[in-house]
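Engineer: Spelled out from the first residue to the last, the chains are:
Protein chains: 2
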Amino acid sequence: MPELTAGLRAELARIAGSGALLTDPADCWPYGYDNSRRQALPQAVVFARDEDQIAALVRLCAEAGLPLIARGLGTGTTGATVPDRGGVVLSFERMDQIKRIEPGDRLAVVEPGVTNARLQQAIAAEGFFWPPDPTSAPTCTIGGNLAYNSAGPRAVKYGTPRENTLGLRAVSGTGEVFHTGVLTTKGVVGYDLTRLIIGSEGTLALVTEATLKLTPLPEAKRTLRATYADIHSAALAVSAIMAQPVTPCALEIMDGSAIEMVSRYSELDLPDGAGALLMIEVDGPAACIQEAQRAVGEAARVAGLLELRLAETADEVAALWKTRKALSPALRHIAPKKINEDVVVPVSHMGAFIDGLEQLARETGIRIVNFGHAGNGNIHVNLLIDPDDAEEVARAAHCLDAVFALVLRLGGTLSGEHGVGLEKRDFVDRELDPVALRLMHAIKAQFDPAGILNPGKSLPG
Amino acid sequence: MPELTAGLRAELARIAGSGALLTDPADCWPYGYDNSRRQALPQAVVFARDEDQIAALVRLCAEAGLPLIARGLGTGTTGATVPDRGGVVLSFERMDQIKRIEPGDRLAVVEPGVTNARLQQAIAAEGFFWPPDPTSAPTCTIGGNLAYNSAGPRAVKYGTPRENTLGLRAVSGTGEVFHTGVLTTKGVVGYDLTRLIIGSEGTLALVTEATLKLTPLPEAKRTLRATYADIHSAALAVSAIMAQPVTPCALEIMDGSAIEMVSRYSELDLPDGAGALLMIEVDGPAACIQEAQRAVGEAARVAGLLELRLAETADEVAALWKTRKALSPALRHIAPKKINEDVVVPVSHMGAFIDGLEQLARETGIRIVNFGHAGNGNIHVNLLIDPDDAEEVARAAHCLDAVFALVLRLGGTLSGEHGVGLEKRDFVDRELDPVALRLMHAIKAQFDPAGILNPGKSLPG
Numbered sequence: 001m002p003e004l005t006a007g008l009r010a011e012l013a014r015i016a017g018s019g020a021l022l023t024d025p026a027d028c029w030p031y032g033y034d035n036s037r038r039q040a041l042p043q044a045v046v047f048a049r050d051e052d053q054i055a056a057l058v059r060l061c062a063e064a065g066l067p068l069i070a071r072g073l074g075t076g077t078t079g080a081t082v083p084d085r086g087g088v089v090l091s092f093e094r095m096d097q098i099k100r101i102e103p104g105d106r107l108a109v110v111e112p113g114v115t116n117a118r119l120q121q122a123i124a125a126e127g128f129f130w131p132p133d134p135t136s137a138p139t140c141t142i143g144g145n146l147a148y149n150s151a152g153p154r155a156v157k158y159g160t161p162r163e164n165t166l167g168l169r170a171v172s173g174t175g176e177v178f179h180t181g182v183l184t185t186k187g188v189v190g191y192d193l194t195r196l197i198i199g200s201e202g203t204l205a206l207v208t209e210a211t212l213k214l215t216p217l218p219e220a221k222r223t224l225r226a227t228y229a230d231i232h233s234a235a236l237a238v239s240a241i242m243a244q245p246v247t248p249c250a251l252e253i254m255d256g257s258a259i260e261m262v263s264r265y266s267e268l269d270l271p272d273g274a275g276a277l278l279m280i281e282v283d284g285p286a287a288c289i290q291e292a293q294r295a296v297g298e299a300a301r302v303a304g305l306l307e308l309r310l311a312e313t314a315d316e317v318a319a320l321w322k323t324r325k326a327l328s329p330a331l332r333h334i335a336p337k338k339i340n341e342d343v344v345v346p347v348s349h350m351g352a353f354i355d356g357l358e359q360l361a362r363e364t365g366i367r368i369v370n371f372g373h374a375g376n377g378n379i380h381v382n383l384l385i386d387p388d389d390a391e392e393v394a395r396a397a398h399c400l401d402a403v404f405a406l407v408l409r410l411g412g413t414l415s416g417e418h419g420v421g422l423e424k425r426d427f428v429d430r431e432l433d434p435v436a437l438r439l440m441h442a443i444k445a446q447f448d449p450a451g452i453l454n455p456g457k458s459l460p461g
Numbered sequence: 001m002p003e004l005t006a007g008l009r010a011e012l013a014r015i016a017g018s019g020a021l022l023t024d025p026a027d028c029w030p031y032g033y034d035n036s037r038r039q040a041l042p043q044a045v046v047f048a049r050d051e052d053q054i055a056a057l058v059r060l061c062a063e064a065g066l067p068l069i070a071r072g073l074g075t076g077t078t079g080a081t082v083p084d085r086g087g088v089v090l091s092f093e094r095m096d097q098i099k100r101i102e103p104g105d106r107l108a109v110v111e112p113g114v115t116n117a118r119l120q121q122a123i124a125a126e127g128f129f130w131p132p133d134p135t136s137a138p139t140c141t142i143g144g145n146l147a148y149n150s151a152g153p154r155a156v157k158y159g160t161p162r163e164n165t166l167g168l169r170a171v172s173g174t175g176e177v178f179h180t181g182v183l184t185t186k187g188v189v190g191y192d193l194t195r196l197i198i199g200s201e202g203t204l205a206l207v208t209e210a211t212l213k214l215t216p217l218p219e220a221k222r223t224l225r226a227t228y229a230d231i232h233s234a235a236l237a238v239s240a241i242m243a244q245p246v247t248p249c250a251l252e253i254m255d256g257s258a259i260e261m262v263s264r265y266s267e268l269d270l271p272d273g274a275g276a277l278l279m280i281e282v283d284g285p286a287a288c289i290q291e292a293q294r295a296v297g298e299a300a301r302v303a304g305l306l307e308l309r310l311a312e313t314a315d316e317v318a319a320l321w322k323t324r325k326a327l328s329p330a331l332r333h334i335a336p337k338k339i340n341e342d343v344v345v346p347v348s349h350m351g352a353f354i355d356g357l358e359q360l361a362r363e364t365g366i367r368i369v370n371f372g373h374a375g376n377g378n379i380h381v382n383l384l385i386d387p388d389d390a391e392e393v394a395r396a397a398h399c400l401d402a403v404f405a406l407v408l409r410l411g412g413t414l415s416g417e418h419g420v421g422l423e424k425r426d427f428v429d430r431e432l433d434p435v436a437l438r439l440m441h442a443i444k445a446q447f448d449p450a451g452i453l454n455p456g457k458s459l460p461g
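Protein chains in written order, with full-length UniProt numbering: chain R, 1 to 461; chain P, 1 to 461.
Treat the hints as calculated values from the structure; they're not laboratory data.
Possibly wrong hints are sitting among the right ones.
The list treats identical chains as one, so a pair stands whether inside a single copy or across any two.
[Unchecked claim] Calculated cross-link-like contacts (lysine-lysine; reagent style DSS-like; alpha-carbon spacing at most 30 Å):
{"hint": "1", "residue 1": "LYS337", "residue 2": "LYS322"}
{"hint": "2", "residue 1": "LYS322", "residue 2": "LYS99"}
{"hint": "3", "residue 1": "LYS157", "residue 2": "LYS325"}
{"hint": "4", "residue 1": "LYS157", "residue 2": "LYS221"}
{"hint": "5", "residue 1": "LYS157", "residue 2": "LYS322"}
{"hint": "6", "residue 1": "LYS221", "residue 2": "LYS325"}
{"hint": "7", "residue 1": "LYS99", "residue 2": "LYS157"}
Using the sequences and the hints given, assemble the complete structure.
Structural biologist: Okay, structure coming up:
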């Protein structure tokens, strides 16, 4: 990596502006990690302020060959914002204005540093929500959501950021400011650069503003919990639910190993022999909600159903969610480290997938716990390991390799919403078509000829 | 354009295969036009059969510098499939298989030549529909729908092809076969080439197969017709309807000039003083449909509403649609030619837009009739002209220029669903950011280095 000379540092300070540059390692370390537990020291941290500043910074970095890594609030799980090649971390945490909310046009214009939760709060006051809802919503930024196309439970009904973003403003790797997309829900002039940039993990351009498509808040929501004897029954129910006209706004699954784990640490109100569990939510007009609940409940009644419970009051809803919410603390309790993989398989292959995982667990002796967004076939596969046990770590690596092979054999994808970053970079060429991958590299080279925008992330070397 | 030598013709015949090559001008002419009324003679027509054949054809054309223009069934309105630089038209009409329908995974895999209507019929048997529904559905192909990102009325609730396509197989301009996307509704590995190719009008790659996301058919549908004193009241109602939680599955508008035109040729059952009309449809579970109809009806009650009629039986629905359906025949009757422009403005600016159009009509003496998909702000602006009146044609050209300027001043886009083709190619650089446009050209050069895939369409020279 190029040295940060006094001259370069002075240039950085001039471009960053007053109080917007960190170079002391003690100050820089906190900007060198994300939720993957990877960490690296950036040579400098700049706080993004506006497009002119960002464009000047990009030009300086391009000239100096200095990596430039966009960062929201560091909740990513793949190391995509970790500056493993050094360089400048560009933190968007201060560029956090909600610029406009236009209820009549169902859109909001925001800076990338605004958190998902703060956006939701502001637009809820106008009767709207933005569908993407990662678990980290209170602390993750819209810029980060766009970088990884991060979704969450609601995607099953309302889609991911790609389906909920109308346009962007961005700075390319040559330091040029440009805009993409439209202010409307239709538009077919020019190529779709908006979706190309969404999900590109800061490797093509730095997003400086996003025009988000808003959805009216539903009037009512109802929750159901369906418990099954085994994962195959649950998977069948998921297919049945997704094949009828009432699409749930959440359709979450926990497998038997997840239930068993939670049951060790919490008093669970589940029927005996529970081998899988679905949490189902429906939303819509108040007058229709009962019927919607009935329709998905009906679809959930497949062979192997042990119990179907409906909630109407907030307390009942909380009681139903208790098992699911107890899962993360239980996981943390039982294993010092988990490898949380975010894979997707076609809904119809979910049963075969969990079967395969169980077999892998038996073969490798690695404990595997699975839960996720079943309506999208998006399963979070958790390999529980002791990081100090080198032999177990090695077995887990083999197991993970086999998990990815299984996903691809079943027609799935290696990431649904966490992205690629560093964690999966060396696996994605197993999934991506080699011709398509070459086209992606060519696009990268056009947007960022100096190769400074988050180098080495997302696409394999 | 390069001459079609005997050697080249023999190569074409070999690649095309038996009975799949036309070179006689009399045979080729019918493959040289679309619904824009533009026409040009292709040097040859090849009927697409499979990927290997298409890849070989692309390589031959790239070597010979021969333009290669993909064509569905020629229902486009922008000249995008017209071979104005000669070359080979690749007709997909025989590549029309529905390869798989997977109800459990809510997807269908189709060849590009299948018509929209035939797809809908096949998947309806399984309880699904594919949301894009252009007026030309009986005769337009899925390949064409993807090429222009063509939508239709249902897009207001269900989105365009970009929101309803999971992945593609395609042949690039170098004759390489590749696939993009996933089989699932989530997936963020690599850049989004699927959406990049959708809407690119055959200039980046030739789509050979599409994996389409299916939506369960709603149980019930209800129709409303709201008549207003003027367009501003109707535009206000559109905003009010779009701001409440029940999104209609169609929200169509006709302005005063459209109503007046229809009233000359049909007995209309409309209240006196009707200055604008909305056709509204809602769909959903049968048990909720009454309430959905009530909710949008309530939102439609703004100042200026003259009449709100609801339909329940098929006869009542037909009666309400009568005015709208009478429009196209009336337009054809009154004007030998119309310039039908497909523009979009933010919903909140629709009133100002129609005002501006009325002023332009007064200033230029060109009669302008407007209707369209109001929920998306997608207005079809019809300039009625006599093509034999050179002076009027010239005034219409000026008027059109002013219409586009008005659209862009109001934050809109020059095409919602018809695309760019030849018709708007010379206007789109007014809308597109110059930096973004340069990136688009760079992408084009990567996908198609020889510049043979539908050259001169979509992007300005």
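Engineer: Tell me, please, which holds for LYS157 and LYS221 at an alpha-carbon limit of 30 Å: within, between, both or neither?
Structural biologist: both (13 Å within a copy, 20 Å between copies)
Engineer: Given a CA cutoff of 30 Å, do LYS99 and LYS157 count as a within-copy pair, a between-copy pair, both, or neither?
Structural biologist: both (27 Å within a copy, 26 Å between copies)
Engineer: Classify it for me, LYS157 with LYS325: is the Cα-Cα distance of at most 30 Å met within a copy, between copies, both or neither?
Structural biologist: within (22 Å within a copy, 33 Å between copies)
Engineer: Treating 30 Å as the Cα threshold, decide for LYS221 and LYS325: within, between, both or neither.
Structural biologist: within (19 Å within a copy, 39 Å between copies)
Engineer: How would you classify LYS157 and LYS322 at a CA-CA limit of 30 Å: within, between, both, or neither?
Structural biologist: within (23 Å within a copy, 34 Å between copies)
Engineer: When no copy is named, should LYS322 and LYS99 be tagged within, between, both, or neither for a Cα gap of at most 30 Å?
Structural biologist: Neither, since 38 Å and 44 Å both go past 30 Å.
Engineer: Under a CA distance limit of 30 Å, which applies to LYS337 and LYS322: within one copy, between copies, both, or neither?
Structural biologist: Close inside one copy (23 Å), not across copies (66 Å); limit 30 Å.
Of the hints listed earlier, the one the structure fails to meet is number 2.
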